[in-house]
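Visitor: As they're listed, the protein sequences go chains A and B. Read left to right, the first sequence gives residues 1 to 118 (the numbering used here). Read left to right, the second sequence gives residues 1 to 240 (the numbering used here).
There could be a bad hint or two in this list.
Stated by the list, open to error - Covered stretches of chain A (chain B as the covering partner; in silico rule of three or more C-beta atoms under 8 angstroms from a C-beta of chain B): (1) 17-26; (2) 29-41; (3) 53-62; (4) 67-79; (5) 84-90; (6) 98-109.
It is worth saying that the hints were derived from the structure and are not from the lab. Using N, Cα and C, we set each Cβ at its ideal position, and we do this for glycine too.
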Amino acid sequence: MAHAEAQAAQHAAHTEQQQHPIKLYLLVWGLLFVLSAFSYLVDYFGLQGYLRWSLILIFMMLKAGLIVAVFMHMAWERLALTYAILLPPLLVLVFVALMVSESNYVLFTRVTFFGAAP
Amino acid sequence: MSAPIKTPAAETLSRPAGLAGLASDWASDQRTFKNVSWGKAMMWIFLLSDTFVFGCFLLAYMAARMSTTVPWPNPSEVFALEIAGTHMPLILIAIMTFVLISSSGTMAMAVNCGYRRDRRKTAILMLVTALFGATFVGMQAFEWSKLIAEGVRPWGNPWGAAQFGSSFFMITGFHGTHVTIGVIFLLIVARKVWRGDFDTERRGFFTSRKGHYEIVEITGLYWHFVDLVWVFIFAFFYLW
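Chain B with its partners taken away, still in its complex shape (with noise of 0.2 angstroms):
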């Protein structure tokens, strides 16, 4: 054997890290994500796009918080639950924290087996991970009727500035929807996994293409990205 032959994916895998790899990377006339499938990047992007979507209602919350002459309600108090006749402050809100975390948990442990192309672990933890999720949908939707049944809408609520309703209803409700849309992506690619598809390389029903395992990594990233999000809605919203 003498000199390697130069292949294209061999120089993909030669290329410089760091810095001088970033440039070379966006240099012309060539792909620009190096060892990321297309369907990886476009859900990065689409993340990037939902980044935007949640941030702008944080700040629409941020800016009728500030600029509210009535003082806000407490939100403390009110997500605070009597727990055995114990007064508990946003206790519902710290058990739906601890919930979506280990999702996210299995939810890394799935992709982990998807890689190892363990069939059966990675099903099972994708449907313990939607069961989580769907857990923390109920959970949601029991906050909602509390606090509808308290007289919270989103023109007025019985404790401070009307302006609350309006951004816990539009906020949690976007989130909630896409926890919502994860749990059914996650049941689909879990039945996927389950039949043995990206094992026998079935062909998909709709794009008649080849799946791969790595369909479970991109659904733990936009499973993780709701997770995310909600780290940001708890700090701003719930413990502000």
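So that you can see chain A by itself, here it is in the shape it has in the complex (with noise of 0.2 angstroms):
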């Protein structure tokens, strides 16, 4: 008996299944096309600055955020993988802190120093 369990655990330890209810990918598959729709409105009806800017984020992040919990099955790994893969890329946002730098210095040389308007 014990040794069919340790069996069955083994089995189940060598190959995690990801097994979730269809429905829940529907309703995600769903969210996405709104979400998706909702970024083409953004630029449909033309909205400027911080408004659209901020509005493109937010579907952005929550449409990237379903793609990798649910049909990437983030969600349900443990934590050892999902903090190994979705930590290190928030390093690149100190990558792009030093190139909004840099381009703001190239953008000051330019304009100073070969007279050309912005």
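Could you fit the two chains together into a complex? Lean on the hints.
Guide: Following this line, the structure appears as structure tokens:
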């Protein structure tokens, strides 16, 4: 009995299956469609400025989160894998900060020394 | 039945959850990724590296766009189409987005059917996914030809900053390559599923190892990643 249980456990551990209700996938699928439609409408209605950028970013992050969490099953993985995969990309934000500063400097030199108006 | 026998597998299953689990999984002298096969862990790590590749492309685009003194072409107008006499801004890109999301949906279904060992449905859903992927690449080819005909080149374009062309061809070209490779990957795995390789435990021609339905999920990880990258490209390149 114990042996059979251990065997079953070993099998489960070897091929951990991501088995979730189809309904959940359909829900996420629908949400992705709606969110994409919303992002398209941001452009369609020609929203501008901070409203446009914040809406684009919000819809983008929601879509990305849904895909990674449900379609890629990250929500059900152990934290050891989740953090190993999801934390390193955050460091790209440091790179973004560096490049924003660099770009501003390049623009400054172009405007100041090459006489180009922005 | 007295005290349960502790086997390595049983121990794996009884490991702590949450942050305590994180610490114990990463502790020394053991396999870090419990319950995840090497194939899946390696696909995730590959996807992480690919995240940095696309991250760098988008960063290069950001730097080019922020530092240019020439106005950036308006993507809403550049990618507009005349459909039945109506001017639709960005419509082609919106359709491409919906095609790719649909393909992600069918892929998620295929993974689900794969784990239920439904050979037929899994293969059909994977083929539908591949078809959506091929449609996407076809639409991208149309978009490229249209822009090239309008005079967009990596070194210049009729509407503004020269860096628009180079960023566009680099980012969408690399993404399209990923989609194409994904379609080929899908077709190969779909053929294996259709033939029943994972039911008869047929050995792979290259590795001589038995395959499992898990490969459907691994293929799915790659495919969803391609969709994920498009989410970011759509937001930063087309909508910004």
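Visitor: Would you mind marking each hint as holding or not holding in the structure?
Guide: Each hint, compared with the structure:
no. : hint   : verdict
1   : 17-26  : holds (count 7)
2   : 29-41  : holds (count 6)
3   : 53-62  : holds (count 5)
4   : 67-79  : holds (count 9)
5   : 84-90  : holds (count 4)
6   : 98-109 : holds (count 7)
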